[in-house]
Amino acid sequence: MDKENDLRDESASHFVSAASLRRRLEWFDKLRWVAVVCVVAATLVADRILPGSLPWRGLATSAGVLAALNVIYTVRNHRVPPRNLRVELRHVKLQMVGDLFLLTVMLNQSGGIENPLLFMYLIHVVIASLLFKGREIFQIAWLAIFLLTGDVAGEHFGLLPHHHLLSASPATHHLPFILLTLGTFWLVLLFTAYIGASIMRHNRAIKDELVQRQRELVAADKAKLDFFRFVTHEIKSPVATATSAVQAARELGGRALPAKVDDLLERAAGRLSLAIEMIKDLADFTRGGDLRRAEPVEVDLNVLIARAVGSQQDEAARKDLRVDMKLPSVQQRLVCHVGMLEKIILNLVSNAVRYSEPGGRVEVVLDPAPDAYVLKVADQGIGIAPQDQDKVFDEFYRTRRAQDMSNLGTGLGLPIVKKFTEALGGTVALESQPGRGSVFTVTLPRTGAAAAPDHTREAS
Amino acid sequence: MNTDRTILVIDDDIDLVEIIRMTLENEGYRVIDAQTGQRGIATAKAENPDLILLDVMMGTVDEGFQVAYELRGDAATRDIPILMLTAVTDQTGFGFDPDKDQQFLPVDEFLEKPVSPRKLIDLVRKHLPAKA
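Residue numbers (this note's numbering), protein chains in the order written: chain A, 1 to 460; chain B, 1 to 132.
Note that these hints are calculated values from the structure, not bench results.
Fair warning: this is a prediction, and the values are worked out from it, not measured in the lab.
A couple of the hints might just be wrong.
[Unchecked claim] From the structure, some residues in chain B lie toward chain A, with a derived Cβ separation under 10 Å:
1) Leu16
2) Ile19
3) Met22
4) Asn26
5) Pro114
6) Ser116
7) Ile121
8) Asp122
9) Leu123
10) Arg125
11) Lys126
12) His127
13) Leu128
[Stated by the list, open to error] The list that follows gives simulated cross-link-like pairs (lysine-lysine, DSSO-like), each with its CA atoms no further than 27 Å apart:
14) A:Lys260 with A:Lys222
15) B:Lys119 with A:Lys319
16) A:Lys224 with A:Lys93
17) A:Lys260 with B:Lys45
18) A:Lys222 with A:Lys207
19) A:Lys93 with A:Lys207
20) A:Lys280 with A:Lys391
21) B:Lys119 with A:Lys280
22) A:Lys222 with A:Lys93
By construction, the Cβ of each residue, glycine as well, lies at the ideal position given by its N, Cα and C atoms.
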């Protein structure tokens, strides 16, 4: 919810959210400690090399002020939860302004324009251009320029004390050097701000577009599922009634029906059954969200598998197939959305039976690994060519061989397997060789099958 | 034959009602029907049928359930077996498990449409109370 709000209201044209900005702020706190340590260390070293040249008391005070401020920032960042991006950004800005002032004070205490520390201003402008927008970036750049220029001018005209870093020649009185350095500094800072602002403006536009597209996709997906749902509900009743009518006609007509009429009715009944199967698959496919809302219940996986295999025995016998089950000898109880699990197993087993050549063998193996249930359904059927192996999990895709083999099947069986398995936190793998058979392996984590992640919430 | 057994069909799908009527009359049952839940309840009380075939979804998604609860709550109709028909099994999330759900559902059998005539006749026979 928070994340959504961020996306919609605040960071729609920002690249950061309140929470991600806070994580960065916490990093700034750490960097500021590094700065304090560096200032203290550099002062000590400088005092060794150039004894008495730097006002170490002043520098120590500045480091102390920085440390004290940082304690306040750190405590605030830990105590106050990040709520509002605008408030967080204002804090970043305040901290940055404070840091720039202290940087200028320390620069003044350590040689002013002679000190390469002035590169630190650049870092602030770069960070500002990443976090802020347009005018705010230039505000930071101009502040840095104003502070450095003020310090240098002050030192040059004797309004501010100057501490020599380069003892040989006091650069602060060397006007061409000052002007060259300041001129370069102005240019670099403003140019950095300009480039940063335009790059980030471009990035924000891309991000806004991505967010917009994402929203459209979610809406389109929902519309599709709503449509499927409507179709399944509205079409199933008349088709079911027509099926009953045809079946009743054959039943009531009995032997009195002319053979040709009975043959026609039988064909009609067959096609209507196929239509019903397709509608049922479509309903399963669209109601993943409903299935998830059902309470998870405890089941014995062995029983579900045996039931699924049992339901296919007639068809297997008709094709003279041998169906072997290798199940663990103890109950495999798990808490789970049974409807989905049942459908996964049933679809795999019925596919194995449907696409097996007569006389073949289907093997259903449940391997209870320590952290997962691994269900393998292997057949010696028509197999799936490598280029089709990803596509068979796409909605409505059926391989050529599958279409030749059987006009049953909707192309939704495997997509349902994939969708439901993933909804239960598991994975599906496929190994297959055309003409040799296929092995589908479903791996379900022992934990998480019950408390499945809410992948398909947007579909509901 | 079965002419003295009356079966009440409560369903708003007139075609299906006629199909069921033909199927069951062919077996010798007397078939009466009602197109709405309320009329179904009234007919059940007036005619005291031996068995009721009830559609889940008529006017509303669960009208059939409401009818079943009312029939079960009334002493006059409490003991009439109810076979419930539905076009969709996802009313409660997943397919009904008769072993498990029967204790919650006030019906004797739950059937997903289409039900073949054979199966319908078998189930009607199974649930009809033995003749007094």
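Hints and how they fare:
no.	hint	in the structure
1	Leu16	holds (5 Å)
2	Ile19	holds (5 Å)
3	Met22	holds (6 Å)
4	Asn26	holds (6 Å)
5	Pro114	holds (4 Å)
6	Ser116	holds (5 Å)
7	Ile121	holds (9 Å)
8	Asp122	violated (12 Å)
9	Leu123	violated (14 Å)
10	Arg125	violated (15 Å)
11	Lys126	violated (18 Å)
12	His127	violated (19 Å)
13	Leu128	violated (19 Å)
14	A:Lys260 with A:Lys222	violated (46 Å)
15	B:Lys119 with A:Lys319	holds (25 Å)
16	A:Lys224 with A:Lys93	violated (46 Å)
17	A:Lys260 with B:Lys45	violated (46 Å)
18	A:Lys222 with A:Lys207	holds (23 Å)
19	A:Lys93 with A:Lys207	holds (23 Å)
20	A:Lys280 with A:Lys391	holds (21 Å)
21	B:Lys119 with A:Lys280	holds (20 Å)
22	A:Lys222 with A:Lys93	violated (41 Å)
Comparing the model with each earlier hint shows violations of hints 8, 9, 10, 11, 12, 13, 14, 16, 17, 22; every other hint is respected.
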